[in-house]
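These are the residues of each chain, in order.
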Amino acid sequence: MPAAAAPAASELSRARQALDQWVRELMQWHFNPETGCPFWLDWAARAGWDPRRDVQAYDDLDRFGAFQDEWLRGGDARRWVPKGYAGRPVYVFETGGSTGVPKSRINIDDFRIDYSTFSDTLPDAHFPKGADWLEIGPSGPRRLRLAIEHLAQHRGGICYMVDLDPRWVIKLIKMGDLEMVELYKRHVIDQALTLLKAHDTIKCLFTTPKLLEALCERISLKKAGITGVFCGGTEMTPQFHRFAVEELMEGAYFAPTYGNTLMGLAGHKPPETEDDWAIIYYPPAPRAMIEVVDPDDHTRIVEYGATGRVRLTTLTKEFFMPRFLERDECERERPCAKYPWDGVRNVRPFSRFQKAVVEGVY
Amino acid sequence: MIELPILRWGRPYQSVDRVVVPHFRTREPFVAMSLANVGLIRRDLLRQGEQRARLEAIPVADLVAAAHRAAESFLHDTLPLGESSGQTPQDYVEQVSATTGMPWASVRRNMAKVHGVLSRVEEVLAGLTRGLDLSLLDSGVGVTGGHMLSFFARADALGVVLPSNSPGVHSLWAPATVLKMPLVLKPGSAEPWTPFRIIQAYVKAGVPAEVFGYYPADHAGGNEILRSCGRGMVFGDVASTKRWKADPRVEVHGPGYSKIVIGPDAADDWERHIEMMAESIANNGGRSCVNASGVWVTKHADRIAEALAARLARVTPRAADDPEAVLAPFADPATAHRISATIDQDLEPAEGGGLGAARDVSAAVRGGERVASAHGGTYLLPTVVRCDADHPLANREFLFPYASVVEVPADRLPDCLGPSLVVTCVSEDPRFRARFVASPLVDRLNFGAIATTQIGWDQPHEGNLFEHLYARRAIQRHA
Numbered sequence: 001m002p003a004a005a006a007p008a009a010s011e012l013s014r015a016r017q018a019l020d021q022w023v024r025e026l027m028q029w030h031f032n033p034e035t036g037c038p039f040w041l042d043w044a045a046r047a048g049w050d051p052r053r054d055v056q057a058y059d060d061l062d063r064f065g066a067f068q069d070e071w072l073r074g075g076d077a078r079r080w081v082p083k084g085y086a087g088r089p090v091y092v093f094e095t096g097g098s099t100g101v102p103k104s105r106i107n108i109d110d111f112r113i114d115y116s117t118f119s120d121t122l123p124d125a126h127f128p129k130g131a132d133w134l135e136i137g138p139s140g141p142r143r144l145r146l147a148i149e150h151l152a153q154h155r156g157g158i159c160y161m162v163d164l165d166p167r168w169v170i171k172l173i174k175m176g177d178l179e180m181v182e183l184y185k186r187h188v189i190d191q192a193l194t195l196l197k198a199h200d201t202i203k204c205l206f207t208t209p210k211l212l213e214a215l216c217e218r219i220s221l222k223k224a225g226i227t228g229v230f231c232g233g234t235e236m237t238p239q240f241h242r243f244a245v246e247e248l249m250e251g252a253y254f255a256p257t258y259g260n261t262l263m264g265l266a267g268h269k270p271p272e273t274e275d276d277w278a279i280i281y282y283p284p285a286p287r288a289m290i291e292v293v294d295p296d297d298h299t300r301i302v303e304y305g306a307t308g309r310v311r312l313t314t315l316t317k318e319f320f321m322p323r324f325l326e327r328d329e330c331e332r333e334r335p336c337a338k339y340p341w342d343g344v345r346n347v348r349p350f351s352r353f354q355k356a357v358v359e360g361v362y
Numbered sequence: 001m002i003e004l005p006i007l008r009w010g011r012p013y014q015s016v017d018r019v020v021v022p023h024f025r026t027r028e029p030f031v032a033m034s035l036a037n038v039g040l041i042r043r044d045l046l047r048q049g050e051q052r053a054r055l056e057a058i059p060v061a062d063l064v065a066a067a068h069r070a071a072e073s074f075l076h077d078t079l080p081l082g083e084s085s086g087q088t089p090q091d092y093v094e095q096v097s098a099t100t101g102m103p104w105a106s107v108r109r110n111m112a113k114v115h116g117v118l119s120r121v122e123e124v125l126a127g128l129t130r131g132l133d134l135s136l137l138d139s140g141v142g143v144t145g146g147h148m149l150s151f152f153a154r155a156d157a158l159g160v161v162l163p164s165n166s167p168g169v170h171s172l173w174a175p176a177t178v179l180k181m182p183l184v185l186k187p188g189s190a191e192p193w194t195p196f197r198i199i200q201a202y203v204k205a206g207v208p209a210e211v212f213g214y215y216p217a218d219h220a221g222g223n224e225i226l227r228s229c230g231r232g233m234v235f236g237d238v239a240s241t242k243r244w245k246a247d248p249r250v251e252v253h254g255p256g257y258s259k260i261v262i263g264p265d266a267a268d269d270w271e272r273h274i275e276m277m278a279e280s281i282a283n284n285g286g287r288s289c290v291n292a293s294g295v296w297v298t299k300h301a302d303r304i305a306e307a308l309a310a311r312l313a314r315v316t317p318r319a320a321d322d323p324e325a326v327l328a329p330f331a332d333p334a335t336a337h338r339i340s341a342t343i344d345q346d347l348e349p350a351e352g353g354g355l356g357a358a359r360d361v362s363a364a365v366r367g368g369e370r371v372a373s374a375h376g377g378t379y380l381l382p383t384v385v386r387c388d389a390d391h392p393l394a395n396r397e398f399l400f401p402y403a404s405v406v407e408v409p410a411d412r413l414p415d416c417l418g419p420s421l422v423v424t425c426v427s428e429d430p431r432f433r434a435r436f437v438a439s440p441l442v443d444r445l446n447f448g449a450i451a452t453t454q455i456g457w458d459q460p461h462e463g464n465l466f467e468h469l470y471a472r473r474a475i476q477r478h479a
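Chains as they are written, first to last, in the numbering used here: chain A, 1 to 362; chain B, 1 to 479.
Take the hints with a grain of salt, since some may be wrong.
Simulated crosslink set (DSSO-like; lysine-lysine; CA at most 27 angstroms straight-line) [what the hints assert, rightly or not]:
#1 A:Lys-103 / A:Lys-338
#2 A:Lys-174 / B:Lys-245
#3 A:Lys-317 / A:Lys-338
#4 A:Lys-83 / A:Lys-338
#5 A:Lys-203 / A:Lys-174
#6 A:Lys-83 / A:Lys-129
#7 A:Lys-171 / B:Lys-113
#8 B:Lys-204 / A:Lys-171
#9 A:Lys-317 / A:Lys-171
#10 A:Lys-197 / A:Lys-222
#11 B:Lys-242 / A:Lys-174
#12 A:Lys-222 / A:Lys-129
Keep in mind that the hints were calculated from the coordinates and are not lab data. Keep in mind it's a predicted model, so treat the numbers as computed, not measured.
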């Protein structure tokens with residue numbers, strides 16, 4: 001059955017039941033004094049209702065209201081570590097740190113689970129098992145570096161790295177120093193070219209849209225032996241999608257992604273003619289759900305095809321984040337056979353914030 | 001709806017991303033422009049050198065002849081326009097009017113301006129090069145007046161970020177093709193028509209399509225064009241062009257702040273010049289940087305302001321196809337209201353009264369609001385403000401017939417004018433004139449009652465295209 005075909009009603013129902021079941025399990029985990037994290041246990045003590053009793057389905061999560069962005073900024077990150085994971089090594093990954101205090105999310109195994117799951121969506125013919133990877137993108141406090149490395153290792157390869165500091169790029173853009181942005185980009189690509197020339201075992205690439213363009217201005221992916229490109233990190237327009245496939249890939253597979261530290265990684269629907277190069281993603285249910293809501297009423301999900309703001313719910317045993325409003329907008333996409341739950345189309349910066357958001361080269 | 005493609009070195013390309021521009025009156029979708037992503041522009045601009053080589057191989061004389069043919073095609077022929085059956089001259093006039101609001105008569109006058117620069121391109125270039133034999137560009141080396149000369153191109157392409165205010169500005173870059181310089185154009189969001197038609201006219205005249213890039217894009221795309229091309233031009237307001245002010249590769253065309261000055265010796269003759277003043281202020285609907293936005297005098301300011309307001313009050317909204325139409329409605333009515341509110345705000349006395357008084361002299365003459373609705377459009381009616389030299393409205397420029405009338409002592413002129421693209425100086429006093437000749441604040445200078453909007457084809461206008469694109473090198477040859 002093609003990915004785009006509509007799923008049977010029974011498939012939709014089964015997916016929903018699995019989601020509801022997973023939500024019930026998570027409520028028992030996160031709000032059990034033996035296993036939950038201090039933040040949510042404190043929250044529940046003041047809430048006046050018991051999520052373990054009162055949340056029986058995904059829709060019941062509405063009772064939590066909107067998750068506040070500020071809750072993740074600053075303070076002791078240990079308040080987010082579930083007691084059930086006491087003693088385990090904890091990573092902390094950051095997002096949104098261009099100005100001010102970044103949001104922090106704790107991780108134990110989630111990034112490995114997310115990327116192992118995502119690995120199953122990559123075609124082996126283009127991302128060969130055992131092939132090596134090159135990641136050109138942000139490392140530092142972001143989970144991307146470890147996540148891509150895990151993806152490569154999970155598939156039997158080694159990951160070579162070139163770092164990029166997106167916060168510096170955003171600062172340069174805000175200063176209007178476009179020449180310095182170019183120099184920095186060139187510095188990054190120079191390093192990538194050195195690695196590609198030195199290691200002919202590299203067949204797979206992860207990078208951001210702008211760095212992919214910059215790389216392809218300097219080298220033919222085909223001549224460099226690249227057969228698969230996994231691309232993400234910033235907004236991708238349908239036109240970029242088309243441009244990348246038609247003019248940059250030279251036969252390599254292009255896998256656009258939507259992911260972030262708070263959600264994990266969404267799977268993409270392979271492009272079909274009727275999509276007109278729209279980029280369509282599906283969240284990694286039941287570990288995360290994305291909904292498209294009315295910008296003026298965050299509790300109302302818009303109709304299929306309508307535009308709205310992205311609302312994220314993260315549902316893992318390490319991290320529970322209900323009804324978080326992202327700084328993105330998109331169109332709501334119908335479920336498909338491969339992903340029998342709602343997806344999103346053409347995610348882009350939320351237009352009401354557009355003046356405040358600076359997208360960099362990363 | 002008309003679909004306008006990107007031209008990737010002459011090759012039409014339909015983008016997935018499009019911007020739809022409505023008809024100013026009906027608000028119905030009128031034209032969809034394909035938008036180029038930045039990566040696509042960057043990738044194409046890697047091939048500038050290849051395209052310049054095509055033009056270098058064509059003798060200048062052939063390019064001059066092609067410009068002459070292009071001039072006639074631009075004015076008279078049906079030319080390609082996207083997927084449509086073609087664009088007749090009348091289609092062009094109506095399309096420009098539909099997205100900018102300009103009356104047909106104004107569009108036709110601008111057509112004539114573009115035609116003029118192409119049909120008299122050798123005269124224009126003679127003015128820019130001080131009479132250089134252009135065939136020197138074929139070999140790069142030659143002898144003129146017994147001296148060896150050599151010029152080299154500073155770039156492989158000229159990138160131009162264009163405005164939407166008036167098609168006449170396109171006459172500034174149009175000669176670049178004759179100077180063997182490929183063009184990379186980002187059209188204004190409301191006026192994609194003229195650059196596209198000029199390109200098509202050149203191509204019909206035999207110039208290779210591959211030497212033209214046409215990239216409707218967002219601001220990032222425009223910045224990329226200016227960054228990637230060896231030479232650039234940008235048109236826009238102070239804020240949007242600020243970034244490029246310090247970049248010698250880019251010629252910035254911002255507001256003109258053009259002015260008329262009546263010298264002390266001509267002060268009592270002011271009535272003779274009212275028509276010239278009105279023409280300078282209202283020609284082309286007041287939408288050009290060469291339109292006067294100030295009349296600076298040493299005497300009779302109140303009477304001049306009243307006479308000018310009365311004369312300009314005769315300029316009223318007319319239908320787009322009325323041959324007498326001068327005023328252009330605003331494609332976005334909110335813009336008209338915003339401009340009017342800005343003027344009203346500045347007319348209010350400042351706290352403490354430190355900035356002097358200002359009076360909308362036109363208000364009493366027109367007897368109504370400055371913003372007017374007529375013929376399905378929203379207009380700003382001509383406005384004359386009488387104010388002091390230090391008032392915020394003394395040196396302002398708006399996208400409609402607006403002028404301040406300012407009285408200053410003669411010894412403050414021209415320093416008090418500030419930077420001015422065009423100054424018409426009405427005076428026969430040699431010493432008064434000499435101060436204007438010496439002033440670095442005056443870009444283009446008219447002596448006598450010449451409207452600021454009147455163009456001399458043999459004179460450079462706002463920068464010198466030849467000097468922007470070419471540099472002279474020292475050269476010696478062993479005898």
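Given the proposed pairing of Lys-103 (chain A) with Lys-338 (chain A), does the C-alpha separation stay at or below 27 angstroms?
32 angstroms, violated
Check whether the Cα positions of Lys-242 (chain B) and Lys-174 (chain A) lie no farther apart than 27 angstroms.
Cα-Cα ~14 angstroms, so holds.
Given the hinted pair Lys-171 (chain A) and Lys-113 (chain B), is their Cα-Cα distance within 27 angstroms?
Outside the cut-off at roughly 44 angstroms; violated.
Are Lys-203 (chain A) and Lys-174 (chain A) close enough, with their CA atoms no more than 27 angstroms apart?
35 angstroms, violated
Checking one constraint from the list: CA of Lys-204 (chain B) to CA of Lys-171 (chain A), max 27 angstroms. Satisfied?
Outside the cut-off at roughly 47 angstroms; violated.
Has the given pair, Lys-317 (chain A) with Lys-338 (chain A), been kept, meaning a C-alpha gap of at most 27 angstroms?
The hint holds at about 25 angstroms.
Would you mind confirming whether the straight-line C-alpha gap from Lys-83 (chain A) to Lys-338 (chain A) stays at or under 27 angstroms?
35 angstroms, violated
Under the criterion that the straight-line Cα-Cα distance not exceed 27 angstroms, is the pair Lys-83 (chain A), Lys-129 (chain A) satisfied?
Since the Cα atoms of Lys-83 (chain A) and Lys-129 (chain A) sit roughly 37 angstroms apart, the hinted pair is violated (cutoff 27 angstroms).
Checking one constraint from the list: CA of Lys-222 (chain A) to CA of Lys-129 (chain A), max 27 angstroms. Satisfied?
Satisfied, since the Cα-Cα distance of roughly 18 angstroms is no more than 27 angstroms.
Is Lys-317 (chain A) close enough to Lys-171 (chain A), meaning Cα to Cα at most 27 angstroms?
36 angstroms, violated
With the threshold set at 27 angstroms, check whether the alpha-carbon distance from Lys-174 (chain A) to Lys-245 (chain B) stays at or below it.
17 angstroms, holds
For a C-alpha distance cap of 27 angstroms, please report whether Lys-197 (chain A) and Lys-222 (chain A) respect it.
13 angstroms, holds
Hint compliance for this structure: hints 1, 4, 5, 6, 7, 8 and 9 are broken, all remaining hints hold.
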